[in-house]
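Since chain A is already given, all that's left is putting chain B on it; use the hints.
Chains A and B, in that order, give the protein sequences.
Reminder that position 110 of the first sequence reads as 110 in the working numbering, one-by-one numbering, no gaps.
Just remember that the working numbering sits 1000 ahead of the position in the second sequence, which is counted from 1.
Worth flagging that the hints you see were computed from the coordinates, not collected in a lab.
On a predicted model such as this, the values are computed, not experimentally measured, just so you know.
Incorrect hints may have been included.
Claimed, not checked - BS3-like cross-link-like pairs, simulated, lysine-lysine; straight-line CA separation at most 25 Å:
1. 97(A) x 57(A)
2. 1017(B) x 1138(B)
3. 34(A) x 1140(B)
4. 34(A) x 1278(B)
5. 1268(B) x 1140(B)
6. 1138(B) x 38(A)
7. 112(A) x 34(A)
8. 1021(B) x 1146(B)
9. 1021(B) x 1140(B)
10. 1017(B) x 1036(B)
11. 34(A) x 1036(B)
12. 1138(B) x 34(A)
13. 57(A) x 100(A)
14. 1262(B) x 1138(B)
15. 68(A) x 1278(B)
16. 1282(B) x 68(A)
17. 1282(B) x 97(A)
18. 38(A) x 57(A)
19. 34(A) x 1282(B)
20. 34(A) x 57(A)
What the hints assert, rightly or not - One side only, chain A facing chain B, incomplete, derived with CB under 7 Å:
21. 28
22. 31
23. 77
Every residue gets a Cβ at the ideal spot worked out from N, C-alpha and C, and that includes glycine.
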Amino acid sequence: VSVQFHNLQELRHNASLSNKVFVQRDYTEGTVCKFQTKFPSELDSRIERTLFEDTVKTLNNYYAEAEKIGGQSYLEGCLACATAYLIFLCMETRYEKVLKKISHYIQEQNEKIYAPRGLLITDPIERGRASLGSSFDPLILIYSA
Amino acid sequence: MSAVMISKKAASRRWEKLPGKNTFCCDGRVMMARQKGVFYLTLFLIVGTCALFFAFECPYLALHLSPAIPVFAILLFLFVMAMLLRTSFSDPGVLPRALPEEATFIEMEIEAANANVPAGQRPPPRIRNVQINSQIVKLKYCYTCKIFRPPRASHCSICDNCVDRFDHHCPWVGNCVGKRNYRYFYLFTLSLSLLTIYIFAFDIVHVVLRSVDSGFVNTLKETPGTVLEVLVCFFTLWSVVGLTGFHTYLISLNQTTNEDIKGSWSGKNRVQNPYSHKNIIKNCCEVLCGPAYPSVLDRRGLMVEELPTSASLDGPTASSSSSKNSIAAAQSTKTTAPLIPNEHTPEDVKPGIAASLEKSHTSEEERMPTPLNTPCKSPTQDRGPSSPKEKVQKL
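Only chain A is shown next, with the shape it has when bound in the complex (with noise of 0.2 Å):
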């Protein structure tokens, strides 16, 4: 598997075009980052219905957990405003903290599944940028052709 992983690593930096597939985002509950769970016909033959939605479904579930207004967020916006947010040089927000747990979540997601069938998740993060495509920051998912 380690081995496919690495072989998948170096598609990441040769894959053209033709190599990816792009999952949009849902802009349905606005400018939160969702991404749309609609099944991308190229994966059709590659990986099942139901691993990929459930994929898609947990990265939901955490930037909606990241992007959450409560009792918690505000409490946190209180704190750092009282010490003119130089409380973040010593601690993390928590916005960074669920995307640290996002980025372990893919890298397991593409140890276990995904690069036992060819593909590899890339990161949002990681990729940092609008990109490609239609839409704001969609997910890439890439396979060897």
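The following block gives chain B in isolation, referenced to the frame of chain A:
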């Protein structure tokens, strides 16, 4: 591939080659607009007025009223400065421009979408419709940045960048106000209002108290700074307090200045603001206490440009980017690949790389691929002292 000595150019950071009209300081850590004159004026007014206040009023007030007065003034002043500098120096949420390959891809999509327009008719403008909260929002295509702007983004002509959740370009802070620095901007105007009111009030108190002892004219002679302060505070009050009030109103509705000016959600055609939670507290919470989004503009990534000095070896252009990307830059080596950097050289690579695409396959294998692990891992950076030979392999 024979490893021949190649000359190495000095490593440069990505901010040096970024398009757009920003100026960068502190090796890419600080990002501002080009015209900074008004920003210096803002600094001068704030620091100057506070200096006068501390010099003239504070000794008297500390003695006759309470030492807490100057202490609180200092804290407030420091907070104002912190918020001002944070607003001015941070990335407002600039969206990076599309790389050549991405621009081509989007062009292809647009052509495909316009394919069914009968000949002779003008193709429709480049707009994408997206449904947000059961309302259709049009995403416009930016001809300068070659991307479809995300919802609420807008192109700032002064800075020549697309900025996410663009509010306005503020010359007083010398920067755009967008998603990433809006709350600091708001806190700056709010705290500046408080500071102005504070200084104004205590100037009056000071003059009154002193006049009781020495008479009005003598007071002004003893503390000439007071007149200046009162003047500055008076004019500042009207503008800054008004601005704070306006932005408080915008925040409670979860609108941007840009949307307000354009009348995007003014209610005609039954168009409502799809981003508002219809609850003032929730809106305020989202804008002020929402997550602090990381910058998507890579400013401090390293770019090492190497010039080939021999015909047998083509010096590859390598680069690695800063913390988020742990993968070294890659060059497409397939002969069938398009002559533009591929999709995964974004954070790293400049368009100038197109020139060096004759890199061999072997040297790519010699490259050190760091695993796609946590983005928090530090990247492979080309360390200076390594020999040129190593450098060839260590892409």
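* Asked: Are residue 34(A) and residue 1036(B) close enough, with their CA atoms no more than 25 Å apart?
  -> violated (38 Å)
* Hold the hint about residue 31(A) up to the distance rule: shortest CB distance to chain B must be less than 7 Å. => Check passed: Cβ of residue 31(A) comes within 6 Å of chain B, closer than 7 Å.
* To do: Given the hint that residue 1017(B) pairs with residue 1138(B), test it: the Cα-Cα distance must not exceed 25 Å.
  => Measuring from Cα to Cα gives roughly 31 Å; hence the hint is violated.
* Asked: Are residue 1021(B) and residue 1140(B) close enough, with their CA atoms no more than 25 Å apart?
  -> With a Cα-Cα distance of about 22 Å, the restraint between residue 1021(B) and residue 1140(B) holds, given a limit of 25 Å.
* Asked: Is the straight-line distance between the alpha-carbon of residue 112(A) and that of residue 34(A) 25 Å or less?
  -> holds (23 Å)
* Holds or violated: residue 34(A) with residue 1140(B), Cα cutoff 25 Å? -> holds (20 Å)
* Against chain B, with CB atoms and a cut of 7 Å, does the hint on residue 28(A) hold up? -> Hint holds; residue 28(A) Cβ to chain B Cβ min 6 Å, cut 7 Å.
* **Hint consistency between residue 68(A) and residue 1278(B) [alpha-carbon to alpha-carbon, up to 25 Å]** => The given pair, whose Cα atoms are some 16 Å apart, holds under the 25 Å limit.
* Asked: Given the proposed pairing of residue 57(A) with residue 100(A), does the C-alpha separation stay at or below 25 Å?
  -> holds (17 Å)
* To do: With a cut-off of 25 Å on the C-alpha distance, tell me whether residue 1138(B) and residue 38(A) pass.
  => Satisfied, since the Cα-Cα distance of roughly 22 Å is no more than 25 Å.
* CA of residue 34(A) to CA of residue 1278(B), is that 25 Å or under? -> holds (21 Å)
* Asked: Straight-line Cα separation of residue 97(A) and residue 57(A) no greater than 25 Å?
  -> holds (19 Å)
Hint check: violations occur at hints 2 and 11; the rest are consistent with the structure.
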